[in-house]
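Chains as they are written, first to last, in the working numbering: chain A, 1 to 384; chain B, 1001 to 1384; chain C, 2001 to 2399; chain D, 3001 to 3399.
Since the hints were made in silico from the structure, they are not lab data.
Don't take every hint at face value.
Here are the computed distance ranges between Cβ atoms for each label pair [said to hold, decoys possible]:
#1 D:A3138 <-> B:R1198: 51 to 57 Å
#2 B:Q1272 <-> D:P3027: 47 to 53 Å
#3 D:T3006 <-> B:Q1272: 48 to 54 Å
#4 D:P3027 <-> B:P1113: 53 to 59 Å
Here are the computed lysine-lysine pairs in the BS3-like style, where the Cα-Cα straight-line distance is at most 25 Å [said to hold, decoys possible]:
#5 B:K1265 <-> C:K2394
#6 D:K3141 <-> B:K1265
#7 C:K2141 <-> C:K2180
#8 C:K2394 <-> B:K1333
#9 A:K333 <-> D:K3394
#10 D:K3180 <-> D:K3394
We put the beta carbon where it would ideally sit given N, CA and C, even for glycine.
Each chain is listed here by its residues.
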Amino acid sequence: MDFDLTDEQRMLSDSIRRLVADAYDDFEKRKTYRAQPRGYADANWQKFAEMGLLGLPFSEDDGGFGGGPVETMLVCEQFGRGLVVEPYLATVVLGGGLLKRAGSAEQRAELIPAIAEGSLTLAFAHQERQARHDLFDIATTATRNADGYVLNGAKGVVLHGDSADRLIVSARTAGARRDRDGISLFLLDPATAGVIRRGYATQDGLRAAEVVLENVSVPASALLGAEGAALPLIEQVVDEAQAAICAEALGAMEVLRDLTVDYLKQRTQFGQPIGNFQALQHRAADMLVASEQARSMAMYAAMMVQEADPAARRVALSAAKALVAKNADQLGKDAIQLHGGIAVTEEYKAGHYFKRLTMLAGLFGDVDHHLRVVVAAGGLPEAA
Amino acid sequence: MDFDLTDEQRMLSDSIRRLVADAYDDFEKRKTYRAQPRGYADANWQKFAEMGLLGLPFSEDDGGFGGGPVETMLVCEQFGRGLVVEPYLATVVLGGGLLKRAGSAEQRAELIPAIAEGSLTLAFAHQERQARHDLFDIATTATRNADGYVLNGAKGVVLHGDSADRLIVSARTAGARRDRDGISLFLLDPATAGVIRRGYATQDGLRAAEVVLENVSVPASALLGAEGAALPLIEQVVDEAQAAICAEALGAMEVLRDLTVDYLKQRTQFGQPIGNFQALQHRAADMLVASEQARSMAMYAAMMVQEADPAARRVALSAAKALVAKNADQLGKDAIQLHGGIAVTEEYKAGHYFKRLTMLAGLFGDVDHHLRVVVAAGGLPEAA
Amino acid sequence: MDLRYTPDEIAFRDDLRKFFRSEIPLPIRRKVSEGRALARDDYVTSQRILHAKGLATPNWPVQWGGQDWTPVQRYIYVEELQAAAVPQPLGFNVNMVGPVIATFGSEAQKQRFLPSTANLDIWWAQGFSEPGAGSDLASLKTTARREGEEFIVNGQKTWTTLGQYADWIFCLVRTDSTVKKQAGISFILIDMKTPGITLRPIITIDGGHEVNEVFFDEVRVPAENLVGELNKGWDYAKFLLSNERIGIARIGMTKERLARVKRLAQETPAGEGMVWDDPDFRRRLAWSEIELKALEITQMRVVAAQRGKASDKPDPSSSILKIKGSEIQQASTQLLVDVAGPYAMPRPDRDEEGLNLPSVGPDWADAAAPLFFNYRKVSIYGGSNEIQRNIIAKAFLGL
Amino acid sequence: MDLRYTPDEIAFRDDLRKFFRSEIPLPIRRKVSEGRALARDDYVTSQRILHAKGLATPNWPVQWGGQDWTPVQRYIYVEELQAAAVPQPLGFNVNMVGPVIATFGSEAQKQRFLPSTANLDIWWAQGFSEPGAGSDLASLKTTARREGEEFIVNGQKTWTTLGQYADWIFCLVRTDSTVKKQAGISFILIDMKTPGITLRPIITIDGGHEVNEVFFDEVRVPAENLVGELNKGWDYAKFLLSNERIGIARIGMTKERLARVKRLAQETPAGEGMVWDDPDFRRRLAWSEIELKALEITQMRVVAAQRGKASDKPDPSSSILKIKGSEIQQASTQLLVDVAGPYAMPRPDRDEEGLNLPSVGPDWADAAAPLFFNYRKVSIYGGSNEIQRNIIAKAFLGL
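Produce the complete structure using the sequences and hints provided.
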């Protein structure tokens, strides 16, 4: 048992913290990033590339740096602290996670170096409106023809789907809508005829898109991984994304907590700092308990995402997400309440952290959904 | 809309309050009542009879006083305030409720005057171990023969079943264990051959019994109500009992709340009354909110128990019980916590209120059970 | 004891219900129901329709357009108004400044202001809170110094709701700083067009413009605009805030929202069925309904207890209504977000009416998260829930 | 960062696991598992078996029978002990008075007391709390006045756990009432057989006799029984209380109880199936498991952070462990009551060992409610959860 980071990991974490602090120190900057055409700052993205963050989880053979879940946790925790708007989750964790595992040598050679150097972004067009949080519920079809496949369907709330240079699209090559088998992945240039994207801002200041596929023809070489067998891989990569989301939420929770405690010290009412009032002190103490428990579960997520047994992995990740999301929700509400009116203004940071936490809590399944996964499994997996 | 009590109701409530205050003012007295052979004080029971409480809900034709649910609420609220141990719920609300509705003229004439004058008590032997809270889950059988019926089965945690002069037993005359049809009621002298009772104290200081029926022969005249059609009646009477339980819990909650507030004023630590500490003040405020909401739902229960549509009645009573039980649980725990160590001692009153509230909360279904009833119905009935 | 309405009360209720649903334009009521921002005209249109029928200012003295209703009738009125998603008559006009002028104002002030206030010809804003005076309202710093027949006002107010539409503002100002803080405050009426007043919008986290800061720089106010006596403003403010009792819990509105949540859940697909088929969602919805039912009866009890009591006495049970009412309101907006699911996330650009261009998800879904964010305020404003717990501990429990 | 155990740690754990389960008698472990009261002999038997193997006092200095373990090993030891439902070595002996004597006692005191304390030849009780000194421990009033070579002790202690079995009691007593309250307290050892000591049982709401009041009336204590310096007792008490860090959350014990709850739910009929088939029950159980898993890792982080730090430094993160640990412990006993259902109600008479004569419901069910009642104490004792929140606010957050 060992809770220490390696020297390299510590250096990595410190560098990202400095980078994020520099790029996001003034909250007004974040507004300008959001106003850029892709909804984020290309300059930041280039800095991430220079620091090696964009190639982090890829193998060295593919042109990456061989980082694991702990490294991803460190990156995302710092991004959460800054409310970073760049498409790291979409491109590196989700897109990259699928590509590195399912991609052929050619696909990897074509795309991974470009991702690592910051010249190519990805988005994972998977979720469909009727599916809610069931990853296997896919109605989009990919029909085989002589030249390749023809895709038809609609994908919703695709994170950073409006600006991504390539989409990874899930579609059925076989089976009925809620079958576990028959789902395939395709690499798609969004400029392909029949791809219709509608981009929009999300409530937390990031970007997403609705993606409609109307008779989109792709060559056979667009297939990513084995035909019809993509679901286990999708589940694994979404679990990795959950671990990243837990870390990101943790970073945001800790900043929001500290912001609140500082405010309690500064704001005076009835002739004294409101932090003197015991009822508020106890709420602040509960915020610390909530964030410490969330930290523990973010670490658990980073550990268990490497678990070999997929069933145990999924239950553990659902447990982590359920706890982090529940605590993020409560901590966020307490932070707003303890601040009072100022926290519901757009000018002040706290509300933005609350909004981001609210959206992270619901991403890839809300508390109820993940708790049901744990319940259905009969509880948490026993430790080895 | 009218929230006032009639003059008669106000007088009734005041008289019971005085009676209970007198009989239960010194908490040591309650211990002596519990130590008596029947687990309660015959003298108190006689006083209840003299005041007309034991005949209250029966019609004047049957020798009662024609009281309704509001009167029962007033009685039970005061009994809750005193943690009264006498078998009012078992004899008057449950047993009496069944008897007055299902009893033949002969049965009513034989028993109701005796109940009203305090010379006869009842218990309702219905619940079975496997059934948990499903009122229709009855395995006990009543087999018809030439002379009447033969009963076989086992009933569990029969309230005051150890001392009751007559048992009302539910048993199947038809159907399978979990059928809604085929349940009948029988009036039974516990001295009948084959009736085995094991009495015991309950955690909250009252009494109950396990009742085993081994080839118990009863005459056909023991049948109470129509053969095989008892369930709707049982459901109605159990709903009436829930309304009474809500009122009783309310009385206990208010006393426990006041006891706690008094303690906060008296107990000093760190050189001041602990009631000066804001965190404790806020918990006390939450106790008031909880008990006021419970009062509202106890009133709702008293109103809705008269609802003509059984489905709407059942949902409303489940809603009332769910809220009262949840608030009783939280208020009870807060009361103990705010008191500290003294509240977990047998000598001090608070713990006894907490135990009684815990048991009342679970009686005829816990919070989960009743919430499920509401959920299954799609929500609360619309008001007229 | 009978919690049911009498036949007369039912008739009264049915009349109101019919009037609200037939006379107030549906597009306005739909915005209220969906929790979207109303335009100024929506408020004015709705209030004038109500006023024409005597339904805008029922709590006012009868001679100024009030109704001689029982407490139960007043309660039914508020519940039905909310249940029909009718915009409430502007609170600053009808619950705040109107009753203050009617009770403490001069005859000239009554003549000048009450009719136009009732008809929303004048739109009032509230100038109470200041940046340093939130829960501790009496510590306010905005001053009014007397110069001849004028007061000169300097300072800053904040959280001025819908101030961007206001014609006039009623303010608490400090007119004596040598006495203890509550004793040096006056209540004064200020025309928003007076030179020296600047209004700055505050954008809230839901993206809406609902509140404002108002700056006063040497603003000259005729002395005749002082209401009542000099330095008695704190009493008038307390009187004013106590008028919030009925309706503070917004039970009718939450009932309407929960019914809507239920309807939307029944028609929103999720996996094999609808959101409605999710037992966890249903359980949380049921709890809200149950808590709301209890609160409704608690409110009726408060209403019933008011009968025969002077209506200017503050009632500490309003703290219970405020705490529970805000909790259930917030829970109801969270349920709405849950129904929207992933489609709570899109935040498309809006046209000038604040509507989607066009919707990304279901046409109601993009309003869910902003409403949820916005409703964090209900446990903060009007005396935060922490302040309410202080009041209960002190006023009810004697701690 | 790796939350998994090393192979060495796994071997260490497996050795302990095997020893605990094979050497400590099953009837004793079963009582622990069911939450029933242990007899004095059960404690003695278990502790002597542990002590013979060097497992009763691992935190003591090695020369007095301690183990040179890493923090992770100490953590594993506590978890495995609890998971096997082994009675913890008597805390008053091994975590409290033992370390105080070993650190601050005279050589004569060490020789006289430590071996017999480790082997439970002497049973110690704790004499800290008083009726007027609960959360505010330093306000204690029991006095010890010096007369020649003796102290004369007068006063009353309370909440003296298992005092009915005690041979000796260690007390905080006031030896100087002229200085500020913390500065006038001494730490003294008293033979329970000394004339003038009276013990009065306190029966708790679960019906158990676990705690006592102890009265001191002119009790003569040899001056050599003073530990360390006069008037330094408050420092020793703080040192003693800080030894509670590991194991305060009782994670191993709760894990064992939740596993038992699960097993019982799977075999307890309820309607059409078993309690286990009730999704609401399962949901609450799953929450407890999840919270417990998070707390387990929180505790490991605390353990890891201790490496290389002096072990006599109080660690405020123990407040987090205390708050969450007690909440989950209480939730676990509530789940047990839920499984018992109606059979949580019977409270049959007991024989002298505290067992049913015979059970009314399932043989474990009558212990469920008493355990639930009894466990209300865990958020009260050892510094109530309110005190813990004060500590977090002040020590961590600087409020």
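The hints, checked one at a time:
The given range of 51 to 57 Å is respected by D:A3138 and B:R1198, whose C-beta atoms sit roughly 52 Å from each other. Range check, B:Q1272 to D:P3027: Cβ separation about 49 Å, and the 47 to 53 Å hint holds. Distance hint check for D:T3006 and B:Q1272: the Cβ-Cβ separation is about 52 Å, which falls inside the suggested range of 48 to 54 Å. The beta-carbon spacing between D:P3027 and B:P1113, approximately 56 Å, falls within the hinted interval of 53 to 59 Å.
Proximity of B:K1265 to C:K2394 is assessed by CA-CA distance (about 12 Å); at most 25 Å being required, the pair is judged to hold. Note on D:K3141 and B:K1265: the hinted pairing holds, with a Cα-Cα distance of about 22 Å set against a maximum of 25 Å. Between the alpha carbons of C:K2141 and C:K2180 the distance comes to roughly 13 Å, so the proposed pair stays at or under 25 Å and holds. Proposed proximity of C:K2394 and B:K1333 is supported: the alpha carbons are some 22 Å apart, at most 25 Å.
A C-alpha spacing of about 22 Å is found between A:K333 and D:K3394, which places the hinted pair at or below 25 Å, so the restraint holds. Between D:K3180 and D:K3394 the alpha-carbon distance is near 22 Å, which keeps this suggested pair within the 25 Å criterion.
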